[in-house]
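Engineer: Each chain, written out:
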Amino acid sequence: MSEQRPAGAAAADRLPVLKTHKVYVGGRFPRSESGRFDRALGPDGTPIANICRCSRKDVRDAVTAARAAQAGWAGRTAYNRGQILYRIAEMLEGRSAQFETLLAAGGTAPDEAAIEVQAAVDRLVHYAGWTDKFQQVFSSVNPVATSHFNFSILEPMGVIGVLAPESPLLGLTSAVAPAIAGGNTTVVLVTGSQPLPATTFGEVLNSSDVPGGVVNVLTGRSDEMLAPLAAHRDVDGLLLCSPDPDVARSAEIEAVHNLKRVAVRPHEDWTDVQSPYEITDLQEVKTTWHPIGS
Amino acid sequence: MSTTAAPVESPPIDAVGVEERVARLCSRSIKKEAKLQALHLTLSMIDLTTLEGADSEGKVRQLCAKALQLHAALPDLPHVAAVCVYPALVGVAKRAVEGSGIHVASVATSFPAGQAPLEIKLLEVRKAVEAGADEVDMVISRGRFLAGDLAYTGDEIASVKEACADAHLKVILETGELGTLDAIRRASDLAMRSGADFIKTSTGKIKPAATMPVVLVMLEAIRDHYLRTGEKIGMKPAGGISTAKDAIRHLVMVRETLGQDWLDPDLYRFGASSLANDVLRQIVKQRSGIYQSFDDFSL
Numbered sequence: 001m002s003e004q005r006p007a008g009a010a011a012a013d014r015l016p017v018l019k020t021h022k023v024y025v026g027g028r029f030p031r032s033e034s035g036r037f038d039r040a041l042g043p044d045g046t047p048i049a050n051i052c053r054c055s056r057k058d059v060r061d062a063v064t065a066a067r068a069a070q071a072g073w074a075g076r077t078a079y080n081r082g083q084i085l086y087r088i089a090e091m092l093e094g095r096s097a098q099f100e101t102l103l104a105a106g107g108t109a110p111d112e113a114a115i116e117v118q119a120a121v122d123r124l125v126h127y128a129g130w131t132d133k134f135q136q137v138f139s140s141v142n143p144v145a146t147s148h149f150n151f152s153i154l155e156p157m158g159v160i161g162v163l164a165p166e167s168p169l170l171g172l173t174s175a176v177a178p179a180i181a182g183g184n185t186t187v188v189l190v191t192g193s194q195p196l197p198a199t200t201f202g203e204v205l206n207s208s209d210v211p212g213g214v215v216n217v218l219t220g221r222s223d224e225m226l227a228p229l230a231a232h233r234d235v236d237g238l239l240l241c242s243p244d245p246d247v248a249r250s251a252e253i254e255a256v257h258n259l260k261r262v263a264v265r266p267h268e269d270w271t272d273v274q275s276p277y278e279i280t281d282l283q284e285v286k287t288t289w290h291p292i293g294s
Numbered sequence: 001m002s003t004t005a006a007p008v009e010s011p012p013i014d015a016v017g018v019e020e021r022v023a024r025l026c027s028r029s030i031k032k033e034a035k036l037q038a039l040h041l042t043l044s045m046i047d048l049t050t051l052e053g054a055d056s057e058g059k060v061r062q063l064c065a066k067a068l069q070l071h072a073a074l075p076d077l078p079h080v081a082a083v084c085v086y087p088a089l090v091g092v093a094k095r096a097v098e099g100s101g102i103h104v105a106s107v108a109t110s111f112p113a114g115q116a117p118l119e120i121k122l123l124e125v126r127k128a129v130e131a132g133a134d135e136v137d138m139v140i141s142r143g144r145f146l147a148g149d150l151a152y153t154g155d156e157i158a159s160v161k162e163a164c165a166d167a168h169l170k171v172i173l174e175t176g177e178l179g180t181l182d183a184i185r186r187a188s189d190l191a192m193r194s195g196a197d198f199i200k201t202s203t204g205k206i207k208p209a210a211t212m213p214v215v216l217v218m219l220e221a222i223r224d225h226y227l228r229t230g231e232k233i234g235m236k237p238a239g240g241i242s243t244a245k246d247a248i249r250h251l252v253m254v255r256e257t258l259g260q261d262w263l264d265p266d267l268y269r270f271g272a273s274s275l276a277n278d279v280l281r282q283i284v285k286q287r288s289g290i291y292q293s294f295d296d297f298s299l
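Protein chains in written order, with the working numbering: chain A, 1 to 294; chain B, 1 to 299.
Excised from the complex, chain B in its bound form:
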């Protein structure tokens, strides 16, 4: 595992060019059979998420039940990639999805602000992994990163990676707080060089979250990292993707930027709480030809 001894050299980002490319990619029309396939793929990539102060064991068990069976009348659907909960509820989630192939992801490192001493963050990560988390979603210290302390941020990610042991590490950049696309690109490069398995846009607690231009910049960072090192880093947009239409646009962008390999739950995830139901609504609409109501979908 590399620490950040080598300086991270990130290319400058042409913000207008990014907007234009996004606009062009958003104009693709995905219909009928291709749309159905995209919707199924989307379902298999969802990290079904609940990250509320009011989360209880019951709420998490209900979320897991939803993850195990997305729709009672459609048994041939793929299951979601993971459920994502707070560390204290990892054990509950782990028991609920045992044997299903669904991963349990946990946010850690003093989510969402990340303003805690490093020892406490590492302890939280170890506790989450001990409780059975297959994936850890960490937040970077945006304050230190924006102050220019890249070495601290890089070391922090590397230490968390070490604490993760076998668990996959997703690094949340919280792009809504980074300000510019250049900073987002720098943070992406830094995270990938410091040991991230996935880079993730946002906590979902701050707006704007996973906007298309931000995701495109991160995808291009992943592409450049792959071309440089041969290492495939995953991507997880989170926050603000609530419709099937948005999700399909993201898939188009991934396919056009990174290629077919990344159209896989091992390398691409959606962090979302309400996306699944809209995708289900569209699948039922596509199959039955009848527009659906949200009232017909649980949770």
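Excised from the complex, chain A in its bound form:
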């Protein structure tokens, strides 16, 4: 009576196994503590997946994870950070087809999707190269009038809160890569209309030797998550990738509590947003006056 199916053959009536898109915090993939979810929609408005709708407590937990990871990440050699960024690029390249599918599901034309994935891989390689070079380029020995050896070096700010751009993959990598290249750890709020590439990018990071907590990816709504992140006293800097001046302004107001540095990136097209200054904008300059004999 029981019908034998030949091994390896797919049944036409098979139910596909859909993926649960979870968030990425501290090297793990939890759901939101709130238990809430939103629907990610395709270009025609049909639901394509459920995503976590994170709360301020998820933001709090992500900042704790980022803080815990920060000293270890900054303490790695710049060369090792470069290797790990390059590893992310390798893993992303290997999963190009999956990301092209995700981008296409979100409404990107197939040929553009392929170009965007390639550009994201190249962007990671670009910053992988800079990790052990920007110090030489941007540090300085300063002439002073007294008998001091005076020099300025760059140090990571610490924990950076990132409001991820609408551009779901290239924008995301263009924002996160320079932040972590310089030894920062990040809490990334994904609030755009295409969150699926970001949740899957968490899986790429998790399989790329990136220590847990260096990049934390939360999905949800900007009006719930941005204010607590911007006000959080354990966050040292903000990278706001939004063309909406009101969003940037309100976050900057929240950021005054501990005088966070705020960098605003209003780009909608991220093709050319690639520069070592993206790294240095998330660095603090430390200047040392060292007395010398005459």
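Calculated from the structure, these hints are not laboratory results.
Note that beta-carbon positions come from the ideal geometry of N, C-alpha and C, so glycine has one too.
Any given hint could turn out to be false.
[Claimed, not checked] Computed from the model, here is a short list of chain A residues facing chain B with C-beta under 8 Å:
| # | residue |
| --- | --- |
| 1 | 63 |
| 2 | 233 |
| 3 | 257 |
Using the hints provided, position chain B relative to the given structure of chain A.
Structural biologist: Relative to chain A, chain B alone:
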């Protein structure tokens, strides 16, 4: 004061039942105003502790300064119950907190191992009390207790109690070394019958320390002792309680096991070094609505 002439009959402990009860109590949600009250109560119950080989007079004075003023911007906070130091530093602590109502507690009896002759332990207790200790935290001889020599352990506690004179005696069971909940219950009963004013889980030098199941077993021993004798014995979990969340869970457990009377620094203490700052962090968060950084809190 009773010695242990009468055999201690402790009921067997249902370890699975204890775990389940703890899990149920941990699921309580304490928020907003109730949370703030719990946080304030927690602060007033803390024995601010430093027990390091590297402790110096300066370190103890700094700890006392912290005890006197937990947060510069929040003057309406309660002060901690006590500072807890080694006997050699009791005098320094006593001078630093004089007149504030903060007690000075001292560990004694060859803390943390307790492996010294009894005369030396008693001398250490007397020296600590002489130097001004209001409370003495002793360790029991776990080796003798585990070997089944309950009479020795009971007499040891009674002798230390005598040496304490007016000082309060807290008896550290070092539950991490006792192995089973049954042994912890037996040690609790023994300590209370031998003159302990408080029973305390751990030295803080051994993991695991004050886990919830261990504390629940000890609280139930205190409850049974109270029902039998009418005597209220205090409880001090120490070691491993470093977050406000843990502390509130403990308070829930105390309230549910022993009742309102024990929600008082005279009968319940937290032995902790880093708990105070997390509680302060939560209080500031609760008042301001902004998540805080540990960098903003001293010590």
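Engineer: Report the numbers of all earlier hints that the structure fails to satisfy, in ascending order.
Structural biologist: No numbers; nothing is violated.
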